[in-house]
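Protein chains: 4
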Amino acid sequence: MIIVLKPNISKKDEQAVLKEIKKLGYEPHVMRGVERTVVGAIGDERTHHTLETLTAWPQVESVMPIQKRYKLVSREAHKGNSAIRVNKDVIIGGKEFVVMAGPCSVESETQLMATANAVKAAGAKVLRGGAFKPRTSPYEFQGLGEKGLKLLAKARRETGLAVITELISQDHAEMIAEYTDIIQIGTRNAQNFQLLIAAAKTGKPVLLKRGLSMKIEEWLLAGEYILANDNPNLLFCERGIRTFETYTRNTLDLSTIPIIKKESHCPIVVDPSQGAGRADLVMTMCKGATAMGADSLLVEVHPNPAEAWSDGAQQVSLEMFAQLMRDLKPFIAAAGRE
Amino acid sequence: MIIVLKPNISKKDEQAVLKEIKKLGYEPHVMRGVERTVVGAIGDERTHHTLETLTAWPQVESVMPIQKRYKLVSREAHKGNSAIRVNKDVIIGGKEFVVMAGPCSVESETQLMATANAVKAAGAKVLRGGAFKPRTSPYEFQGLGEKGLKLLAKARRETGLAVITELISQDHAEMIAEYTDIIQIGTRNAQNFQLLIAAAKTGKPVLLKRGLSMKIEEWLLAGEYILANDNPNLLFCERGIRTFETYTRNTLDLSTIPIIKKESHCPIVVDPSQGAGRADLVMTMCKGATAMGADSLLVEVHPNPAEAWSDGAQQVSLEMFAQLMRDLKPFIAAAGRE
Amino acid sequence: MIIVLKPNISKKDEQAVLKEIKKLGYEPHVMRGVERTVVGAIGDERTHHTLETLTAWPQVESVMPIQKRYKLVSREAHKGNSAIRVNKDVIIGGKEFVVMAGPCSVESETQLMATANAVKAAGAKVLRGGAFKPRTSPYEFQGLGEKGLKLLAKARRETGLAVITELISQDHAEMIAEYTDIIQIGTRNAQNFQLLIAAAKTGKPVLLKRGLSMKIEEWLLAGEYILANDNPNLLFCERGIRTFETYTRNTLDLSTIPIIKKESHCPIVVDPSQGAGRADLVMTMCKGATAMGADSLLVEVHPNPAEAWSDGAQQVSLEMFAQLMRDLKPFIAAAGRE
Amino acid sequence: MIIVLKPNISKKDEQAVLKEIKKLGYEPHVMRGVERTVVGAIGDERTHHTLETLTAWPQVESVMPIQKRYKLVSREAHKGNSAIRVNKDVIIGGKEFVVMAGPCSVESETQLMATANAVKAAGAKVLRGGAFKPRTSPYEFQGLGEKGLKLLAKARRETGLAVITELISQDHAEMIAEYTDIIQIGTRNAQNFQLLIAAAKTGKPVLLKRGLSMKIEEWLLAGEYILANDNPNLLFCERGIRTFETYTRNTLDLSTIPIIKKESHCPIVVDPSQGAGRADLVMTMCKGATAMGADSLLVEVHPNPAEAWSDGAQQVSLEMFAQLMRDLKPFIAAAGRE
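Chains as they are written, first to last, in this note's numbering: chain A, 121 to 458; chain B, 121 to 458; chain C, 121 to 458; chain D, 121 to 458.
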């Protein structure tokens with residue numbers, strides 16, 4: 121920690137700060153500058169009592185952390201890339217570029233099976249589909265629930281695709297884990313720490329979407345909740361942040377691809393459907409994400425987007441998805457993936 | 121809903137849109153403008169299948185909702201102000217201006233009792249204190265848990281103050297309800313709908329903090345989850361939003377006071393401690409909130425802020441709080457409150 | 121400056137950093153921590169070559185400034201409050217609370233004189249009115265230009281009110297200075313430094329609106345351009361920032377009132393009309409700003425808001441303004457102003 | 121325009137709205153819904169008096185525009201892609217992918233010539249370099265001024281590269297136009313309309329950077345100021361927006377590439393250096409922008425970034441730039457460019 125003292129404070133006030141620093145287990149290191157005195161506090165910021173409370177002292181101008189607050193997810197903890205095994209055929213974060221695709225919500229057997237067969241034929245390896253949906257309004261469709269999970273299990277059985285679905289309640293963790301290969305934590309629950317712990321404890325791979333206004337550091341720390349609960353199978357998923365722009369539903373922050381790669385050993389997945397909120401932008405977003413080194417894409421696909429029960433505007437049709445998979449090929453190759 | 125068609129589309133494409141509108145239960149109403157054709161779709165947007173999916177159609181430029189999506193929380197549903205009874209002595213949203221105060225976290229009996237006695241003496245009616253703390257990092261202090269709840273119960277018994285504490289897990293809802301008079305939903309859980317439903321079902325008053333990047337409409341809709349689950353005792357609490365500014369921890373959006381008053385019948389509480397993240401700004405924020413018609417304040421108070429186990433920078437001392445209560449008096453009077 | 125080095129770098133890489141720090145005129149001060157080595161660089165950050173470029177070095181993790189970058193506008197440079205004399209009768213930043221009011225745009229003699237007489241009768245001391253308007257679209261009304269300035273001069277002559285109007289072009293600085301008592305720099309030009317310099321050189325008081333996404337530090341530094349060009353007559357004006365919220369046009373950040381008071385000696389003015397973009401919120405915003413210690417308000421008033429040539433939605437009528445001035449009185453008194 | 125009336129208003133209040141709509145030259149079209157009455161106002165929103173002022177009327181709930189406010193820059197006005205001729209060899213927006221590169225600021229002949237020769241050798245076609253620098257603080261390096269322009273002219277003469285430099289003052293427009301092939305409008309001046317008009321009038325190609333918090337619609341409208349002043353040579357340049365994230369200096373919004381392509385016929389350039397503010401992210405950003413269909417890149421390059429006089433953290437070295445140009449090749453090919 122670096123503690124900046126206010127200009128012209130008394131010797132006594134300065135001593136009080138130094139005493140407190142020592143009391144909390146750090147070794148103070150005084151530097152007298154032209155206008156201000158600065159104190160470096162040496163010690164492990166993650167295990168000691170935080171010095172940020174010193175901000176409340178009248179003689180202190182500011183307190184700045186030096187150490188990174190995340191540990192297990194950090195690149196420093198694990199130099200190589202972590203590759204996450206999803207099932208016997210699918211690994212995310214390795215040489216192969218993996219596409220996950222499927223409807224926003226599971227609506228019916230017909231809808232799900234048509235989508236599953238089509239995305240498999242086009243080259244997807246994982247089927248996405250929401251059975252429990254967190255909706256902004258209590259009056260909107262909340263998902264088919266366990267019936268939806270059973271349909272996903274059927275699609276998995278018949279197509280061999282792995283399955284990803286969202287967990288929205290701690291009480292469902294075990295049930296969801298039975299039916300799915302990857303547990304998705306949605307953007308609105310990205311700092312619902314009890315849910316993160318429940319998901320971690322299933323041992324299944326966890327895909328953690330970035331919260332709507334989550335700083336990268338906070339996202340990494342939310343991921344730390346998974347690893348700190350003995351589950352090393354973490355995937356970060358960028359899906360757009362909230363900004364002032366209203367043309368798109370969210371602003372997809374593709375810079376997180378190189379940043380997560382730099383700060384962490386965990387794979388990074390990009391969800392261009394939520395990110396743009398508009399099917400007509402999804403294809404271009406996918407190209408960018410692929411070129412920038414994303415390990416995987418998560419794409420919303422629906423047999424008839426205009427009649428979808430949720431988020432129709434952002435789902436691409438089966439034909440568009442097949443086209444997308446064809447058009448992505450040169451970019452996957454240019455990025456050195458298979 | 122208003123559906124704006126793209127310029128120069130074919131008659132057939134236009135007919136397809138009109139057919140879909142009828143199919144979804146609305147009556148279409150065509151207006152031919154200079155450049156574009158616009159279709160008004162008449163029907164109750166809250167009960168019908170949403171037309172927003174039409175955005176995915178190539179001949180459609182945009183779809184705009186007309187109706188408000190919230191219902192039970194809206195001023196249209198209930199013309200008067202709802203006053204929420206907290207215990208036999210305390211009502212929030214009535215003539216009396218109510219101050220809630222206490223530490224960020226319950227740390228010990230000494231700390232809590234000292235604070236409780238001091239804030240009562242200064243005029244507070246409700247004691248706040250966190251027993252379960254949602255923390256950004258898994259390595260930070262997570263609260264005393266049920267032991268903290270028991271200390272709150274003791275403080276309530278000895279001082280007569282009502283108690284407010286945060287709920288962070290569905291599984292704790294019943295336990296928390298036993299110990300507290302108001303259940304607080306924190307900013308990171310503001311769209312954790314399962315938690316909202318669990319809180320609603322206890323029947324206790326629920327204080328719903330605004331999420332970090334929650335639009336006012338989304339906040340009202342999250343409140344709708346409480347009322348739609350048969351609990352009319354809802355308090356909205358503004359606590360600052362996330363913006364680009366880094367001087368303060370959050371940007372306290374005081375404009376929500378008149379806006380919530382205009383859109384809803386539920387009381388509005390302001391939390392200047394989280395909003396500013398700096399004790400030295402709390403007093404001024406309280407004056408503003410009071411003048412603008414807030415029904416209540418939620419202030420973090422600690423006997424020794426610099427040694428607090430969480431959020432020390434934003435807690436005011438017992439002396440500062442007593443001063444604050446004295447200085448607020450003329451503003452409470454000017455606002456026509458007691 | 122504080123320079124944080126990466127973990128496990130070579131002795132040689134560390135030496136290179138220390139050498140560069142010395143070369144740029146600072147004295148390095150090494151602190152060896154548990155995981156990282158931190159270097160304090162002692163020297164005046166405002167006069168030396170910046171060390172932030174060290175961020176580009178591979179062995180450097182981060183560089184953090186310690187000193188404040190503003191100087192003349194800072195409270196450290198001038199302990200007391202600066203009171204700005206506008207004309208022989210009006211001082212902003214003193215004991216008296218000053219209200220500035222008038223139309224968004226000057227439209228006609230009738231419109232301006234009706235407004236001027238009404239706001240004077242209600243107690244305003246300064247007449248606002250735009251003659252040159254910066255408009256988002258080239259097809260919108262751009263103001264009456266010099267004809268508008270002449271109407272303002274006439275209103276000043278006949279009512280005795282001081283006048284404030286906006287400068288949008290360096291080339292107009294002298295002309296505007298002839299007709300006005302305060303030069304307004306608008307939000308879109310808040311970092312148009314050539315315009316700031318031109319305004320400063322007139323010697324007239326300059327009201328500097330905060331830019332749409334301007335951090336407080338940047339705003340203070342933009343103000344520094346005025347004082348550094350030998351014009352001490354600076355007024356900061358908060359008018360709302362751009363956030364994700366769409367209910368209001370901007371988010372009025374009232375926390376800037378105590379912050380500017382803390383960081384600077386210059387007065388702070390609040391513009392609730394731009395801040396809210398809705399006339400129905402203006403009154404409540406004014407109460408809050410007054411209670412929080414603003415030195416002055418800048419309110420848009422129009423004889424017939426619905427027919428205004430610009431920004432009709434946010435202008436209050438003559439009657440509403442008179443009511444506002446009456447209703448503000450207890451809050452002005454509570455804030456210790458006259 | 122769509123005007124939504126409040127529920128349960130009187131017949132008389134409704135009539136007053138209809139009368140005003142007619143008075144302002146629109147034809148009203150009434151739709152009676154379940155809860156609200158909605159009025160469509162038919163007419164050209166760009167040429168008529170705006171109806172947004174109706175928002176100020178008590179019986180009106182909201183007013184929504186339907187037409188797009190931009191005209192000349194829109195894809196509807198010009199179906200094909202506009203290709204902008206920079207000099208006899210360089211066209212931006214055609215089949216060829218054009219890279220512009222050079223230092224943030226022109227510092228000396230040695231620095232500029234070394235950079236110019238190196239970027240030319242690596243394949244760049246345009247040399248960038250700032251002679252007049254808009255700086256946040258008045259105490260920072262403000263550029264070499266006309267001396268810098270002369271050095272750029274020398275580099276152009278000796279290398280044959282085209283030149284781009286920034287215009288920060290209306291008074292410099294003619295001088296800058298003499299020395300440069302493209303005039304850059306910086307992010308802080310993106311809504312300095314007087315500067316836009318002065319730039320347009322030189323007839324030179326104008327590169328318009330997106331403002332820090334500029335909505336896409338506002339950016340297109342600022343571009344409209346160029347075309348409406350008879351200069352068809354407009355380039356949009358995405359350079360990152362301001363968000364809550366602090367890891368990067370700005371958030372590069374790559375979704376603007378497909379959006380500008382969809383809404384406008386003008387080319388889109390991406391500046392990854394400003395966007396990321398970190399040299400280590402520039403390469404990946406360039407890959408993404410190229411894959412997503414940007415017409416050109418604008419990259420900051422410096423012979424010794426750590427000793428740059430401005431923005432050292434975001435400039436890449438000559439070697440890194442040469443590498444970048446090599447690594448980009450497969451992505452340029454995949455995007456169908458040369």
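There's no promise every hint is true.
[Stated by the list, open to error] Subject to a maximum C-alpha distance of 27 angstroms in a straight line, what follows is the list of computed DSS-like cross-link-like pairs (lysine-lysine):
| # | chain 1 | residue 1 | chain 2 | residue 2 |
| --- | --- | --- | --- | --- |
| 1 | A | Lys188 | C | Lys132 |
| 2 | A | Lys126 | C | Lys132 |
| 3 | C | Lys382 | A | Lys126 |
| 4 | D | Lys132 | B | Lys188 |
| 5 | A | Lys132 | C | Lys188 |
| 6 | B | Lys126 | D | Lys382 |
| 7 | D | Lys132 | B | Lys335 |
| 8 | B | Lys382 | D | Lys382 |
| 9 | C | Lys142 | A | Lys382 |
Source of the hints: derived by calculation from the structure; they are not laboratory data.
Please read all numbers here as calculations on a predicted model, not as lab measurements.
These are the hints, each one checked on the structure:
| no. | hint | verdict |
| --- | --- | --- |
| 1 | Lys188(A) to Lys132(C) | holds, 24 angstroms |
| 2 | Lys126(A) to Lys132(C) | violated, 35 angstroms |
| 3 | Lys382(C) to Lys126(A) | holds, 13 angstroms |
| 4 | Lys132(D) to Lys188(B) | holds, 24 angstroms |
| 5 | Lys132(A) to Lys188(C) | holds, 24 angstroms |
| 6 | Lys126(B) to Lys382(D) | holds, 13 angstroms |
| 7 | Lys132(D) to Lys335(B) | violated, 34 angstroms |
| 8 | Lys382(B) to Lys382(D) | violated, 39 angstroms |
| 9 | Lys142(C) to Lys382(A) | violated, 30 angstroms |
Checked against the numbered hints above, the structure violates hints 2, 7, 8 and 9; every other hint is satisfied.
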